[in-house]
Amino acid sequence: MSDANIEGSTPGASPTPEEPRHLRRAIIAWIVVSVIGIVIWLLVTPYIAPATSSNLGSSQILTFNVLTVLAIPVAMFVFVFLAYSLINFRVKDRPTEDGPPLQPRPSLQIGWLGITGALCLFLFIWGSFFYYQETSAASNNTLAVNVTAQQWQWTFDYPQYGASSQGAQVIELPVNRPVQFYVTSKDVLHGFSILAFGVRVDANPGYVTTTSQFIPTQTGSYAVRCVEMCGLYHSYMWEAVKVVSATEFNAWIASQGGHL
Amino acid sequence: MSSTTESTAVTVDKRPNLISRLIPSVVSGIVLGVIGAAIVGLIVNKITTAYSPDTVPNDNAVAASAFIAWVFFFMIGIGAFNGVFEWGFSRHEPTPAEEMHMAGKGQGLWRYFRYTTDHKVVGVQYLATTLALFFVGSLGAFSIRLEQSRPGALFFNPSTYNTIVSAHGIIMIVATIIMITGPVGNFVVPIMIGARDMAFPRLNALSYWLLFVDVPVILSTFFLGGFQTGWFGYAPIADQQLTPGQTSYDFFIIIFAISTTIAAMNIMTTVLVMRTRGMTWGRLPVTVWGVLFSVALGLMAFPFFLMVQVMVVLDRVYQTSFFLAASGGSNFLYEHLFWFFGHPEVYVIVLPSLAVAAEIAVVFARKPVFGYRLIIASMLGISILSVIVWGHHLYTSGSQDPLNIPFMLDTELISIPTGIFFLALVGTFWRGKIWVTVPTLFVFAVLVNFVIGGITGVYLADLPTDELLHGGMFVTAHFHFTLVGAGVFGFFASFYYWFPKMVGKRLNPMLGQLHFWLFEIGFVGTFLFLFIAGLQGEPRWSANIAAPFVTANTVASLFAILIAVSVFVAIYNVVYTLARGEAAEANEWGGKTLEWTVPTPVPLENFEELPVVTSLPYSYGELVPATEGSGPVTEGGVEGVQPQIES
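As they're listed, the protein sequences go chains A and B. Heads up: the first sequence begins at 1 in our numbering, then just goes up one per residue. Heads up: the second sequence begins at 261 in our numbering, then just goes up one per residue.
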């Protein structure tokens with residue numbers, strides 16, 4: 001909204017010395033508020049960002065934070081300019097005179113398009129790069145787990161070991177070993193999601209979909225949730241997945257009828 | 261087309277008695293519709309029990325035929341086909357007097373309950389229906405917040421809860437689709453372009469009454485076992501639902517799609533051919549552009565929704581298997597057809613709101629719109645891009661993995677035209693003479709909410725973060741910020757802005773401000789906390805709130821109380837104003853579009869003499885010729901970062 005970039009401002013007369021330099025003030029306010037916003041975000045992000053326990057999740061959280069740091073100045077631009085307008089250009093009652101008929105200059109339009117375009121391009125390249133990295137990961141000792149959804153429970157099979165969760169409420173995964181899920185459904189659409197690992201894919205009847213390969217990095221207990229509407233007990237379709245050490249995992253596989 | 265030459269005061273029946281008032285009217289329509297639906301339902305029940313195999317339940321067939329009969333017999337009862345019989349078979353052309361009678365001349369308030377062709381009557385009917393649907397839908401919203409306020413199943417069993425969530429969703433979607441193109445598109449747009457009525461007045465009435473008959477169809481689901489699918493009605497769970505409550509949903513969509521298609525065709529034709537002399541494309545008010553783009557998108561999108569629901573009905577009634585994998589069908593078919601409608605639909609809702617926000621910003625900043633062509637180009641760009649981005653709803657479906665990156669690209673491209681819209685609106689307020697009224701407050705809220713809704717959309721557009729958030733409450737909060745925060749707040753801006761013109765009374769500004777602040781604070785609070793619940797991993801459609809999400813949900817529910825109070829403040833304001841509000845001026849706000857040049861209440865046929873337009877209706881301030889290179893150069897190029905908006 002630079003005066004220089006607005007057609008129709010009185011030539012050579014703007015801004016007059018006694019009239020405050022609105023644009024400069026608003027931009028300073030915007031920069032200050034944006035910096036404060038980013039600092040506050042970096043302070044609170046550990047409390048509200050999703051907790052993550054896999055390599056995949058870590059890169060997703062990184063993306064999340066990068067997007068937020070970009071987003072804060074963008075949001076603040078609108079907030080600050082609107083608030084500034086509301087405070088400074090407000091008239092008490094029904095206005096008796098009109099505002100100046102400002103129009104955006106070509107340079108402003110092109111600059112605006114250029115900057116939004118550049119931000120957009122950055123988001124696209126960033127997203128594509130990390131998506132490619134996620135989906136192209138491969139390893140030769142990957143643990144394959146077949147997941148079968150049905151109303152309203154999950155069944156997990158370990159084809160490499162001939163083991164099955166057999167309706168157990170808790171399944172186990174070894175820490176620091178790549179895992180990939182092969183997901184399908186027996187009846188309707190379900191959504192297979194483990195937030196802590198950053199994996200999520202639909203369970204479609206008649207198809208097998210795969211999650212990205214990921215490596216659990218911390219032992220602990222995490223939730224498997226259904227995230228597609230699947231009928232009556234959708235909100236109860238939870239299960240637990242425990243990440244344990246390799247020896248504990250082997251013992252668990254044996255107890256589930258598997259062979260090592 | 262209604263007569264533009266004569267308006268002689270001939271009424272068909274000078275002293276109408278009770279019978280001639282009731283037949284035809286909405287009363288005779290309902291009576292005949294109920295009787296017809298009952299008879300047809302009974303007949304179909306007899307036939308299907310006699311001839312169909314026992315394995316096939318017949319209640320879907322009965323429900324489907326009853327819904328169809330209800331629509332046809334209602335339309336016969338209200339007299340929708342009278343014109344066809346009187347004039348369609350070429351007995352004679354309608355006389356001006358007959359047309360005036362159909363437009364409701366001399367019928368007082370009763371014209372709102374008849375098959376009235378006057379576009380202003382239809383606009384008010386749409387407005388009343390929108391508000392009624394909002395009220396019903398908000399009851400659903402409060403039930404959801406109530407259930408989610410504490411862990412465990414508190415008030416509803418899972419079946420009821422899912423039905424409430426699903427019905428809340430689809431009722432609100434329908435209400436938001438019609439909220440501006442219905443009232444503003446029918447009442448204001450024809451006057452804005454200098455027309456005496458819509459291009460097809462009788463189709464106009466038909467589009468409204470189809471919407472009217474549609475409301476009982478969706479409400480019937482509560483008595484027919486409900487439906488579990490969510491508002492998008494995904495198959496195969498829709499095929500699997502045993503109760504005919506699902507059939508209610510299907511027919512709700514089918515009838516609504518027909519109604520909307522008729523309305524869209526009518527509005528488009530009106531804008532294309534009924535503009536007054538001098539109303540060139542470059543002089544159309546922004547509102548007209550917004551409504552035009554919205555209905556054009558709707559015209560393209562709704563047939564897909566209609567078609568996919570017909571397929572579900574076939575699956576349910578005739579045991580076809582479009583969506584059953586076991587018999588060769590696919591749930592991907594439903595998802596893609598649905599979202600091919602579903603994403604443009606978002607912009608069908610939001611575009612008119614944004615356009616109305618720009619229109620109102622101009623009037624209350626007393627400045628010309630900052631870049632008229634920019635805004636039009638922005639809406640055009642959004643419209644075109646919106647039909648090729650549906651795949652981002654299916655990033656994690658597994659049906660299109662190689663296409664995810666192209667879909668990410670075009671989804672993020674939408675932020676460019678949306679950013680232009682923000683430039684135009686912020687620029688319109690900048691250095692204006694801002695008159696803070698209730699409509700102005702709502703326009704500010706549109707911008708604030710849409711920034712939040714748009715920016716959170718970027719997280720869902722970008723693949724790595726979408727994998728964290730897809731299907732969670734973050735999505736719910738995001739689309740509530742766009743559809744309610746931008747859409748519904750834009751509707752209320754238009755509501756407070758045009759109410760004095762449409763109804764002729766002035767809404768109480770103090771109550772209006774109270775409504776605004778309760779709504780905005782309650783809304784932002786509720787959904788900011790649902791963002792947090794989503795970040796912690798709460799799935800959508802949770803009847804039972806798990807332990808990690810309790811705090812965020814409880815706080816959200818407390819904020820929702822403010823919204824609930826705001827609803828009743830608004831109702832009180834409207835009822836009080838209708839009963840004893842003061843009369844509004846013809847030009848209540850100092851607007852320059854044509855609807856403010858006609859008297860209030862607007863006479864039948866709108867204009868005594870059709871106006872001639874010579875410029876854009878935004879000629880605030882004196883126009884100084886453009887000069888290059890003026891002003892200080894020091895501040896050039898500082899427009900650092902722009903809103904990246906995306907949905």
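Hints listed in this document are in silico derivations from the structure and should not be mistaken for laboratory results. One should not assume that every hint holds.
Straight-line Cα separation of at most 27 Å, BS3-like style, residue types lysine-lysine; simulated pairs [what the hints assert, rightly or not]:
hint: 1; chain 1: B; residue 1: 365; chain 2: A; residue 2: 92
hint: 2; chain 1: A; residue 1: 92; chain 2: B; residue 2: 693
hint: 3; chain 1: A; residue 1: 92; chain 2: B; residue 2: 852
hint: 4; chain 1: B; residue 1: 693; chain 2: B; residue 2: 852
hint: 5; chain 1: B; residue 1: 365; chain 2: B; residue 2: 306
hint: 6; chain 1: B; residue 1: 693; chain 2: B; residue 2: 765
hint: 7; chain 1: B; residue 1: 365; chain 2: B; residue 2: 765
hint: 8; chain 1: A; residue 1: 186; chain 2: A; residue 2: 242
Hint-by-hint comparison with the structure:
1. As the CA atoms of residue 365 of chain B and residue 92 of chain A are separated by approximately 42 Å, the hinted pair breaks the 27 Å bound.
2. As the CA atoms of residue 92 of chain A and residue 693 of chain B are separated by approximately 9 Å, the hinted pair is consistent with the 27 Å bound.
3. For the hint pairing residue 92 of chain A with residue 852 of chain B, the CA-to-CA distance comes to about 21 Å; that is within 27 Å, so the pair holds.
4. At roughly 16 Å between alpha-carbon atoms, residue 693 of chain B and residue 852 of chain B fall within 27 Å of each other, so this suggested pair holds.
5. Taken as a hint, the residue 365 of chain B and residue 306 of chain B pair is broken in the structure, with Cα atoms around 46 Å apart against an allowance of 27 Å.
6. Of the pairs offered as hints, the one joining residue 693 of chain B and residue 765 of chain B holds, with about 26 Å between alpha carbons and a cut-off of 27 Å not exceeded.
7. Proximity of residue 365 of chain B to residue 765 of chain B is assessed by CA-CA distance (about 21 Å); at most 27 Å being required, the pair is judged to hold.
8. Proximity of residue 186 of chain A to residue 242 of chain A is assessed by CA-CA distance (about 24 Å); at most 27 Å being required, the pair is judged to hold.
The structure fails hints 1, 5 (numbered hints given earlier, in ascending order).
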